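Colleague: 296 is the number of the first residue of the sequence shown in the numbering used here; add one for each residue after it.
These are calculated hints, taken from the structure and not from any lab test.
Note that this is a predicted model, so its numbers are computed, not measured.
Be a bit skeptical, because a hint or two may be false.
[Said to hold, decoys possible] Distance windows between CB atoms, simulated:
1. 461 <-> 424: 26 to 36 Å
2. 663 <-> 721: 52 to 62 Å
3. 543 <-> 647: 41 to 51 Å
4. 455 <-> 491: 36 to 46 Å
5. 721 <-> 667: 30 to 40 Å
6. 568 <-> 801: 23 to 33 Å
7. 803 <-> 760: 21 to 31 Å
8. 427 <-> 694: 29 to 39 Å
9. 499 <-> 722: 54 to 64 Å
10. 516 <-> 820: 50 to 60 Å
11. 502 <-> 568: 36 to 46 Å
12. 540 <-> 499: 25 to 35 Å
13. 540 <-> 448: 42 to 52 Å
14. 619 <-> 641: 20 to 30 Å
[To be verified] The calculated lysine to aspartate or glutamate pairs, modelled on DMTMM-like cross-linking and capped at a C-alpha distance of 25 Å, are:
15. 444 <-> 808
16. 460 <-> 449
17. 540 <-> 449
18. 461 <-> 808
19. 442 <-> 746
Note that beta-carbon positions come from the ideal geometry of N, C-alpha and C, so glycine has one too.
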Amino acid sequence: MGQKPRYNRSSSQQGMSTPPLDGTEDKTSRSSSPFYLSRAVSGSSNPSRKGYRRPTYTDLDDDWDAVIDETEPRGKQKSYSSGSQQPDAFSRENGHQNSDILINTLHPEFPVSSEVDPNAGTNSPRDHGNELRLEAQMKSQNTKFMKFKSILTEDESSVNMRHLKKLSWNGIPRELRALTWQMLLGYLPTNKARQSSTLKRKRQEYLDGLHDANVEALFDGKVTPNNASTSSLPVSSNRDNSANKDKQLNHQIKIDVKRTSPTIKLFGYEATQKSLRKVLYLWAIRHPASGYVQGINDLCTPFYQIFLGHYLWQLQQRKASKSGRGQIPSALIIPGMIDEEGADSCENELLNDPILDTYTWETFDTNRLSSRVTSIIEADTFWCLSKLLDNITDNYIHEQPGIIRQVNDLRNLISKIDNSLLEHLECEGVDFIQFAFRWMNCLLMRELSIELIIRMWDTYLSETPLGFNNFHVYVCAAFLIKFAGELKQRDFQEILLFLQNPPTSSWTEKDVELMLSEAFIWQSLYENASAHLK
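Take these sequences, add in the hints, and give me the full structure.
Modeller: Following this line, the structure appears as structure tokens:
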């Protein structure tokens, strides 16, 4: 999309055809959530029919007793034969093969590693039409890249945030996403003179926080109720209770991290899981009003993987520059990730790896990262996650009033956009809390692929204030309306099964961008209207 859409209705408001359901149901439970559906679905859902039973909500929090080894196995991972080529660190986001000639022609000072179309064999022929489409797509991407490059480099002293937000709303180039996200969140200063020192200080604060919380000892199981606190404190029942709560918190986070994004290989590595546990544990103890709530673990993953991807990309470009293929401007990279002194042995090993250009965030083994780089990625993830959650704190405090408000706003918004859909849902006894709670709690991360979520977050981070609160309600409305025609033909049980596993596996960025356009239109129409959500 070139610009935010004008006020014209799109065909996405119509019901769209969908592939068959696989019948699976996500039964993810949550700690501290009072809303878990308990109702008989075998009988009628219409209150006027015999045998109808009003749904009740109970707390189903049995995860404290869960056994780590019993969590669901990770999904089948992609494998690459010795004769096939792996995509580069960002290929899954684009799914096409780059031409080095085209890239070097457009900006020769900025080498980009090649990518492979996952839908085509290594040696499969491409017809002329496909080549033209790929070339047009690549030119479009490079045009977008050059626009971002201009904003990030035109002023030697600072970055124009207003221009950056406006451009980011329509999507951020994968090479510049990590840097841009940090600026949009307010973590990385737009004042370029302060960037390196600020990141160095914040990364050290993260390490100090881990040390003060004695996280390593806790993770190794060496913390007991008698040594969980400092020796200067008197031994008391309060101290014992605090230690037990810390152990319970660590146990819950360990369970959730182990089952985070099970189909993505990156999050199956032991090093990745340990990093996420550190980030989540430190965030929880620093935010006692809310503490850790299931679902926050999902919000970590986009940050972690794009920062890892950015580091791999920096390595690939550093290796390319040593080969005389140009050097990327310093204004386009996150400071401090590469060891300029050359003392990082793990990093040197990667730079000398002959297949460095083939490594991806999907397939790279994070156990190969040095402790220095690991702590940098963790720290950046921690602070960016904190910035995000600061905007939706009400979603995770006691009784989660922010989510309840968002769910109610979604219902009222649907009554304005498609009242017949609302009437059908109510006729079938479907309460919005039954499906929309997860949409608000996990920001649709269970409904869409991680690539599409990252694209959505480009827009969310460009909103003022951040779009994870109000704008997200309009996105959820657009998401629900996309399936309106299908839902109106289903009964209670079928509706819930459908919404728990919506048919989005074939969605592309175009589908998400259309949904964001719809959301923008409805926000423009209804946000300032008198009592539009009352």
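Colleague: Now, for every hint given, state plainly whether the structure supports it.
Modeller: Hints versus structure:
Look at residue 461 against residue 424: about 34 Å separates their beta carbons, and that is inside 26 to 36 Å. A C-beta distance of roughly 54 Å is found between residue 663 and residue 721, which places it inside the suggested range of 52 to 62 Å. Look at residue 543 against residue 647: about 45 Å separates their beta carbons, and that is inside 41 to 51 Å. For residue 455 and residue 491, the hinted distance range of 36 to 46 Å is not satisfied, since their beta carbons lie about 20 Å from each other.
Between residue 721 and residue 667, the C-beta spacing of about 56 Å breaks the proposed range 30 to 40 Å. At about 30 Å, the beta-carbon gap between residue 568 and residue 801 stays in the expected band of 23 to 33 Å. For residue 803 and residue 760, the hinted distance range of 21 to 31 Å is satisfied, since their beta carbons lie about 28 Å from each other. The hinted range of 29 to 39 Å is not satisfied by residue 427 and residue 694, whose Cβ atoms lie roughly 56 Å apart.
For the pair residue 499 and residue 722, the beta carbons lie near 58 Å from each other, so the given range of 54 to 64 Å is met. Take residue 516 and residue 820: their Cβ atoms lie about 56 Å apart, and the range 50 to 60 Å holds. Separation of residue 502 from residue 568 is about 19 Å and departs from the stated range, judged on CB atoms against 36 to 46 Å. Between residue 540 and residue 499 the beta carbon distance is about 27 Å. The supplied range of 25 to 35 Å therefore holds.
Between residue 540 and residue 448, the C-beta spacing of about 49 Å keeps the proposed range 42 to 52 Å intact. In this structure the supplied range 20 to 30 Å holds for residue 619 paired with residue 641, their Cβ-Cβ distance being about 25 Å. Distance hint between residue 444 and residue 808 is fulfilled; the C-alpha atoms sit about 22 Å from each other, no more than 25 Å. With a C-alpha separation of about 16 Å, the suggested pairing of residue 460 with residue 449 holds against the 25 Å cut-off.
Between the alpha carbons of residue 540 and residue 449 the distance comes to roughly 51 Å, so the proposed pair goes past 25 Å and is violated. Taking the CA atoms of residue 461 and residue 808, the gap is about 15 Å. The hint holds against a cut of 25 Å. Between residue 442 and residue 746 the CA atoms are separated by roughly 22 Å; this keeps the pair inside 25 Å, and the hint holds.
When the structure is compared with the earlier hints, violations turn up for hints 4, 5, 8, 11, 17 and for no others.
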